[in-house]
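Given the coordinates of chain A, assemble chain B onto it according to the supplied hints.
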Amino acid sequence: MARILIVDDDQTIGIMIQDILEFKGHNVVVTQQPATTKDQILQHDIELVLLDKLISGVDGTDVCSELRKDERFKDLPIIMMSALHNVDEICREAGATEFLSKPFDMDTLIAAIDSIVNGESQN
Amino acid sequence: MKEGLQIEELEQEIDKLRQKNADLKKQAFDYEKHISNLEKKLYQYKGVIYSSSALITFLKGPDYIIEFANRPILKVWGKGDRIEGKALFDVLPELREQGIETYLNQVFYKGIPYHAQGLPIEHEVDGKLIRSYFDFSYTPQYDAEKNIIGIGVIAQDVTNRELLNDQVRKREKEFSELIDFMPHKISLANPEGEPVFFNKSWQDYTGKPMEELIQEKWWSAIHPDQLDKAQNEVNEALSRVKDLDMELLIKDREGEYKWHLYRTIPVLDDKGSLSTWISSSTEIQKLKEVEQGKESFLKLVSHELKTPVTSIKGYVQLLLKMIRDKNGETDIPVQPYLGRIEDQIERLIVLISEMLDLSRIETNEMKMQREEFQLNEQVENIVQEVSDTHSDIEIVLNHEASCLVEADRNRVGQVLINFLTNAYKYSPEEKNVEVKIHKYNDDFAAVTVSDKGIGIRERDRRNIFKRFYRVESKNENTYSGFGIGLYLSKEIIERHNGKIILESEYGKGSEFTFTLPLKS
Numbered sequence: 000m001a002r003i004l005i006v007d008d009d010q011t012i013g014i015m016i017q018d019i020l021e022f023k024g025h026n027v028v029v030t031q032q033p034a035t036t037k038d039q040i041l042q043h044d045i046e047l048v049l050l051d052k053l054i055s056g057v058d059g060t061d062v063c064s065e066l067r068k069d070e071r072f073k074d075l076p077i078i079m080m081s082a083l084h085n086v087d088e089i090c091r092e093a094g095a096t097e098f099l100s101k102p103f104d105m106d107t108l109i110a111a112i113d114s115i116v117n118g119e120s121q122n
Numbered sequence: 000m001k002e003g004l005q006i007e008e009l010e011q012e013i014d015k016l017r018q019k020n021a022d023l024k025k026q027a028f029d030y031e032k033h034i035s036n037l038e039k040k041l042y043q044y045k046g047v048i049y050s051s052s053a054l055i056t057f058l059k060g061p062d063y064i065i066e067f068a069n070r071p072i073l074k075v076w077g078k079g080d081r082i083e084g085k086a087l088f089d090v091l092p093e094l095r096e097q098g099i100e101t102y103l104n105q106v107f108y109k110g111i112p113y114h115a116q117g118l119p120i121e122h123e124v125d126g127k128l129i130r131s132y133f134d135f136s137y138t139p140q141y142d143a144e145k146n147i148i149g150i151g152v153i154a155q156d157v158t159n160r161e162l163l164n165d166q167v168r169k170r171e172k173e174f175s176e177l178i179d180f181m182p183h184k185i186s187l188a189n190p191e192g193e194p195v196f197f198n199k200s201w202q203d204y205t206g207k208p209m210e211e212l213i214q215e216k217w218w219s220a221i222h223p224d225q226l227d228k229a230q231n232e233v234n235e236a237l238s239r240v241k242d243l244d245m246e247l248l249i250k251d252r253e254g255e256y257k258w259h260l261y262r263t264i265p266v267l268d269d270k271g272s273l274s275t276w277i278s279s280s281t282e283i284q285k286l287k288e289v290e291q292g293k294e295s296f297l298k299l300v301s302h303e304l305k306t307p308v309t310s311i312k313g314y315v316q317l318l319l320k321m322i323r324d325k326n327g328e329t330d331i332p333v334q335p336y337l338g339r340i341e342d343q344i345e346r347l348i349v350l351i352s353e354m355l356d357l358s359r360i361e362t363n364e365m366k367m368q369r370e371e372f373q374l375n376e377q378v379e380n381i382v383q384e385v386s387d388t389h390s391d392i393e394i395v396l397n398h399e400a401s402c403l404v405e406a407d408r409n410r411v412g413q414v415l416i417n418f419l420t421n422a423y424k425y426s427p428e429e430k431n432v433e434v435k436i437h438k439y440n441d442d443f444a445a446v447t448v449s450d451k452g453i454g455i456r457e458r459d460r461r462n463i464f465k466r467f468y469r470v471e472s473k474n475e476n477t478y479s480g481f482g483i484g485l486y487l488s489k490e491i492i493e494r495h496n497g498k499i500i501l502e503s504e505y506g507k508g509s510e511f512t513f514t515l516p517l518k519s
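So the protein sequences, as listed, match chains A and B.
Residue numbers for the first sequence, in numbering that gives the first Met the number 0: 0 to 122.
Residue numbers for the second sequence, in numbering that gives the first Met the number 0: 0 to 519.
Only chain A is shown next, with the shape it has when bound in the complex (with noise of 0.2 Å):
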């Protein structure tokens, strides 16, 4: 089980995820502002972060990049995520573990989670 941050500005999806991850039994924090994403990972020692790509007024690309930016979460999983078409690259050029195209399939994000989680207790 890992502690999880959902990071989208859109309030029903960030619940919607957490309430699946949730039943996963996963611990979920959500927050709607991207500029304390830092803060709140510190403050949950946040093992996971799903980050949209579309946030209003920021960029996800972004805020992935300026986390890689710091030593303290160069090696932190990212999810990121959008409902925008042929973004895959760009968010995994600035840094995203992995990319889930809106709308997802329950399945495809428990699986991708699953095996970043599982993937980082074998190491």
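Treat each hint with caution, since some may be false.
Reference listing, derived: stretches of chain A covered by chain B, where coverage requires no fewer than 3 residues with Cβ under 8 Å from a Cβ of chain B [unchecked claim]:
| no. | stretch |
| --- | --- |
| 1 | 7–14 |
| 2 | 17–27 |
| 3 | 71–85 |
| 4 | 90–104 |
Hints in this document: simulated from the structure, not taken from any laboratory.
Note that the structure is predicted; figures quoted are calculated from it, not measured.
We put the CB at the ideal spot given by N, CA and C, even for glycine.
This is chain B only, laid out in the frame that chain A set:
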């Protein structure tokens, strides 16, 4: 003495006379020789005059008696060759009406030569007036005492040249009107790229007269952000003498920048060297606005529409999972209802994706992500998927060949799903579908989907691959969809250099095949 003196004087006189006689004889001989020479020369000159292609006549006295007229002028006059000795206006009265007499009088009475170029003159030939054009000179002819005795006329028929000139002038006028009439901004520049002409549209748009536009630097109207790029591209086109196409923001008379499609082409002369640059700028501001509007609409559709769907789907899936975990322990039929909701969400997602795909095709953004894969495997997966979601469909899968292809796996899957859902949708009774993987023309892999459904009428067969085309039926609601599935399929397959083949018999069923180049 006196007599002797007389004789002597007489003899001297006789000597003188003899001498004179001899001189006269010599003179007479010289004259004869001279005359003979003159005659010879005159004959030569007449020969020259007669055989000349120029029209030559000599008009004598105030009545303008035709003293002489060469063959070409006789031909133009068209009055036969027995007119010498007659007055000009008796023979050709039509000339008097055309003001020729005034010109002649000016020469005859005032001694001022008259020259004209391309003068139109009508001659009556066989009762019809024929218009011809002439370059000609009327020159006064003098006698030894410098009195004007007549007029020499030398003319050249330049009708062909003048007709050509007329045509050239006419076309020039037409083109010049056309260029000013066009809403496009047209300009011309010399080989160095310096502008020499701007049409009316340019002058209207900038609010500046042509002279000012010519003096100004062309780039002063270009948006500063685009200046570097525009100058580089123009310089490259100039140095390499090649066409140029670019989109530019150009300032109008109010100082506002508007989008233009700018094109320029070099014009070469007959010898192949650069003579002019022709440029046209077409305002595409509205087009750009529509394009930008469409792009933001697309973003809206993709983001705003997908987001709630994502949420609904998530909760439905979560609830389904929770119920499944509890082994369906509830009185309310939550599970089947949620299942139906999930199906409808899937449909909604497909529709949104199709709409987005359509826009991508229109903006040429649809990219194929090619990879090498076993077509049989992918077909098997899709058939399984469709069987799972449509419980009443019966699909028979036949592998007649094993086919390796290099294509966009998901897009190919999308085409097959479209074929299969069509087969399902248009088979109201017998939902038996056959899927066959085989080879086509040695170099192609082919997948054929056959159904025993309603079939397709001849007139619909041509149209079903068009956007938004939907086969009309008695009950409009029978067949759902946007009518873009087959259009997308065709676009996808053609982008892979394959094709779609349709065979159908109305009332008996249809057979759709797509082909893809085999990976060798």
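For each hint, the structure was consulted:
1. Residues of the stretch 7–14 of chain A lying with their CB closer than 8 Å to a CB of chain B number 3, which satisfies the three-residue condition for coverage.
2. Interface restraint, the stretch 17–27 of chain A with chain B: holds (3 residues with C-beta to C-beta distance below 8 Å; minimum three).
3. Beta-carbon proximity to chain B at under 8 Å applies to 4 residues in the stretch 71–85 of chain A; the threshold of 3 is reached and the given coverage holds.
4. Proximity of the stretch 90–104 of chain A to chain B, defined as three or more residues with a beta carbon under 8 Å from a beta carbon of that chain, is established by the 4 residues found.
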